[in-house]
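K.L.:
Sequence lines, in order, name chains D and X. First residue of the first sequence: 1, per my numbering; consecutive thereafter. First residue of the second sequence: 169, per my numbering; consecutive thereafter.
One thing to keep in mind: the hints can contain errors.
Which chain D residues face chain X? A few, computed with CB under 10 angstroms, are given here [what the hints assert, rightly or not]:
1. R28
2. R32
3. N39
4. L40
5. P62
6. S64
7. K122
8. A128
9. T131
10. D132
11. R136
12. M139
13. S142
14. V145
Worth flagging that the hints you see were computed from the coordinates, not collected in a lab. Think of the CB as a built atom: it goes at the ideal place given N, C-alpha and C, for glycine as much as any other residue.
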Amino acid sequence: MMTKILIIALLLLISLWYLSFLATRLDRLHHRVETSWANLDVLLQKRAAVALEIAHSDIADPASSLLLTGAAYQARDADIQNRSAAESGLSGALGLLLEDSQHLATAADNALLTELSALTDKIRVAIAIHTDAVTRTQMVRSKFVVKIFRLSGTAPLPVTYEFESDVL
Amino acid sequence: MLSRSLKIGIVCPYSWDTPGGVQNHIRDLAEFLIASGHQVSVLAPAISDDNLPSYVVNAGKPISIPYNGAVARVLFGPVAFSRVRQWISAGEFDLLHLHEPAIPSISLLACWAADGPMVGTFHAAAKRQKIIFAIGPILEPAIEKLSARIAVSEAARLTLTDHLETDAVVIPNGIYASRYHNGMPQEKWQGNTIGFIGRFEEPRKGLSVLLEALPVIARFAPDVKVFVAGPGDPSEVQEHIDPQLRHRFTFLGKISEEEKANFMSSVSIYVAPNTGGESFGIILAEALAGGACVVASDIPAFDDLLGHGEFGALFKSEDPTDLAKVIIDLLRNDTKRADLALAGRARGQSFDWENVANQIYSVYEMSIVGSEKVKLVSDNRSWNRFLAKDDK
Numbered sequence: 001m002m003t004k005i006l007i008i009a010l011l012l013l014i015s016l017w018y019l020s021f022l023a024t025r026l027d028r029l030h031h032r033v034e035t036s037w038a039n040l041d042v043l044l045q046k047r048a049a050v051a052l053e054i055a056h057s058d059i060a061d062p063a064s065s066l067l068l069t070g071a072a073y074q075a076r077d078a079d080i081q082n083r084s085a086a087e088s089g090l091s092g093a094l095g096l097l098l099e100d101s102q103h104l105a106t107a108a109d110n111a112l113l114t115e116l117s118a119l120t121d122k123i124r125v126a127i128a129i130h131t132d133a134v135t136r137t138q139m140v141r142s143k144f145v146v147k148i149f150r151l152s153g154t155a156p157l158p159v160t161y162e163f164e165s166d167v168l
Numbered sequence: 169m170l171s172r173s174l175k176i177g178i179v180c181p182y183s184w185d186t187p188g189g190v191q192n193h194i195r196d197l198a199e200f201l202i203a204s205g206h207q208v209s210v211l212a213p214a215i216s217d218d219n220l221p222s223y224v225v226n227a228g229k230p231i232s233i234p235y236n237g238a239v240a241r242v243l244f245g246p247v248a249f250s251r252v253r254q255w256i257s258a259g260e261f262d263l264l265h266l267h268e269p270a271i272p273s274i275s276l277l278a279c280w281a282a283d284g285p286m287v288g289t290f291h292a293a294a295k296r297q298k299i300i301f302a303i304g305p306i307l308e309p310a311i312e313k314l315s316a317r318i319a320v321s322e323a324a325r326l327t328l329t330d331h332l333e334t335d336a337v338v339i340p341n342g343i344y345a346s347r348y349h350n351g352m353p354q355e356k357w358q359g360n361t362i363g364f365i366g367r368f369e370e371p372r373k374g375l376s377v378l379l380e381a382l383p384v385i386a387r388f389a390p391d392v393k394v395f396v397a398g399p400g401d402p403s404e405v406q407e408h409i410d411p412q413l414r415h416r417f418t419f420l421g422k423i424s425e426e427e428k429a430n431f432m433s434s435v436s437i438y439v440a441p442n443t444g445g446e447s448f449g450i451i452l453a454e455a456l457a458g459g460a461c462v463v464a465s466d467i468p469a470f471d472d473l474l475g476h477g478e479f480g481a482l483f484k485s486e487d488p489t490d491l492a493k494v495i496i497d498l499l500r501n502d503t504k505r506a507d508l509a510l511a512g513r514a515r516g517q518s519f520d521w522e523n524v525a526n527q528i529y530s531v532y533e534m535s536i537v538g539s540e541k542v543k544l545v546s547d548n549r550s551w552n553r554f555l556a557k558d559d560k
């Protein structure tokens with residue numbers, strides 16, 4: 001009888017420990033999703049700022065300058081629902097411009113373009129980091145135990161945004 | 169590249185005294201980071217405290233275990249775990265950079281013990297291993313704590329996605345490209361010469377493939393010579409060489425970094441016939457930067473590094489006939505060889521530390537934003553925090 005109680009107590013303790021372990025793990029993942037998103041957000045904002053600067057410089061002809069300015073403002077002011085489309089739009093506008101501007105840029109403009117390409121590389125990395133955090137979180141949250149015991153609390157389920165695959 | 173001086177802790181899973189790709193990478197990275205103004209501490213197993221650079225902290229004597237078809241000198245156990253914890257809590261690091269955290273060594277222990285910004289670099293490329301399936305569920309929660317993962321090659325990234333279902337950013341290994349740029353061509357190694365560098369006694373380095381190809385090559389290029397550099401005893405290999413061809417081989421033994429640069433700038437063709445087990449191929453990056461025309465087997469890591477043949481010629485792995493064909497074609501065609509070498513040189517430049525370290529550093533920056541310093545997990549447990557509050 002005694003051993004039975006002991007075993008049950010032990011099992012209970014282990015499962016409690018496991019639950020707390022899972023909860024910490026989830027908490028950490030949510031934290032990672034938030035920080036990686038904050039990171040990506042900052043970089044995207046910076047990109048919009050650089051795009052505006054490019055639009056005002058000599059690199060852009062009046063027509064593409066107009067296009068770029070519009071896209072940059074849209075990307076900067078978009079709310080979360082429209083963010084995806086806005087960032088993709090900015091990527092497209094930048095892509096169009098960069099395609100044929102490479103040979104005619106002056107030294108000062110070149111600095112802007114280098115900054116943009118450095119930023120683009122960073123954004124690519126930030127997206128990879130963010131997507132990974134999101135998929136991991138989704139994976140852990142789909143676990144049966146997590147759902148039953150509501151271990152994720154009130155944290156919203158992270159989602160990947162459309163633009164993350166075609167932002168560049 | 170410097171926005172502020174960081175305190176970075178790097179963990180090396182393998183014994184510091186034994187030569188190896190991971191150790192070299194960590195040494196160069198640490199020295200580069202220190203030179204650009206950061207504080208770096210490297211925790212590594214080591215047999216003795218002598219000859220350790222000032223930035224390396226000894227974690228204890230390594231244990232030899234068979235791993236991935238070779239002997240790995242790693243370190244784990246309760247004593248090592250407490251050393252790791254001590255190092256983390258004393259270091260007050262802004263960031264931990266763990267190398268090979270999926271291997272049973274101190275990197276995994278550090279990943280287990282620490283909380284905060286952590287970056288992991290995965291070097292190994294291996295086919296699906298059964299053992300990982302068994303320990304995967306234990307590894308996953310630990311690996312998940314890394315804020316960012318780096319793989320050194322596409323092959324290493326695939327290994328990671330296969331085994332642990334997690335993605336990584338690919339940042340290649342670095343070389344000091346300028347050292348190889350300035351290699352002086354040496355007359356003794358010029359002409360119709362083929363170069364090979366590596367521990368030639370190891371079968372996976374593929375010297376035997378070159379040996380088998382040589383009779384055919386010699387028929388078409390009678391004055392061809394082969395220079396083999398690297399540590400090892402050549403007598404056994406020499407026995408397997410056809411006596412008529414033996415005089416074409418020269419074994420140089422281990423050569424210095426400077427000689428290596430000269431070597432790469434001198435030989436007509438640098439050949440890497442490795443049959444597998446290679447994750448990145450740093451020697452190829454060095455050969456490219458030195459301006460050699462590279463011929464390599466088409467294993468995934470090399471195929472990737474050489475841009476599917478754009479920066480160097482590829483042959484079918486473990487196929488001496490194909491190797492002979494590719495080499496003869498290049499020896500006869502001077503312009504093709506020069507073109508490949510020229511394309512390769514630019515490629516080699518992209519592996520320069522200046523470039524690679526910048527990429528690593530931007531991953532550091534992304535991991536740090538919004539986070540606190542690295543702490544021990546145990547310090548963050550709620551009951552410990554509760555107790556600490558009570559103390560005040």
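K.L.:
With reference to the structure, classify each hint as holding or not holding.
P.N.:
Evaluated hints:
no.: 1; hint: R28; verdict: holds (6 angstroms)
no.: 2; hint: R32; verdict: holds (6 angstroms)
no.: 3; hint: N39; verdict: holds (5 angstroms)
no.: 4; hint: L40; verdict: holds (9 angstroms)
no.: 5; hint: P62; verdict: violated (34 angstroms)
no.: 6; hint: S64; verdict: violated (29 angstroms)
no.: 7; hint: K122; verdict: holds (5 angstroms)
no.: 8; hint: A128; verdict: holds (5 angstroms)
no.: 9; hint: T131; verdict: holds (7 angstroms)
no.: 10; hint: D132; verdict: holds (5 angstroms)
no.: 11; hint: R136; verdict: holds (6 angstroms)
no.: 12; hint: M139; verdict: holds (8 angstroms)
no.: 13; hint: S142; verdict: violated (13 angstroms)
no.: 14; hint: V145; verdict: violated (13 angstroms)
Comparing the model with each numbered hint stated earlier shows that hints 5, 6, 13, 14 do not hold.
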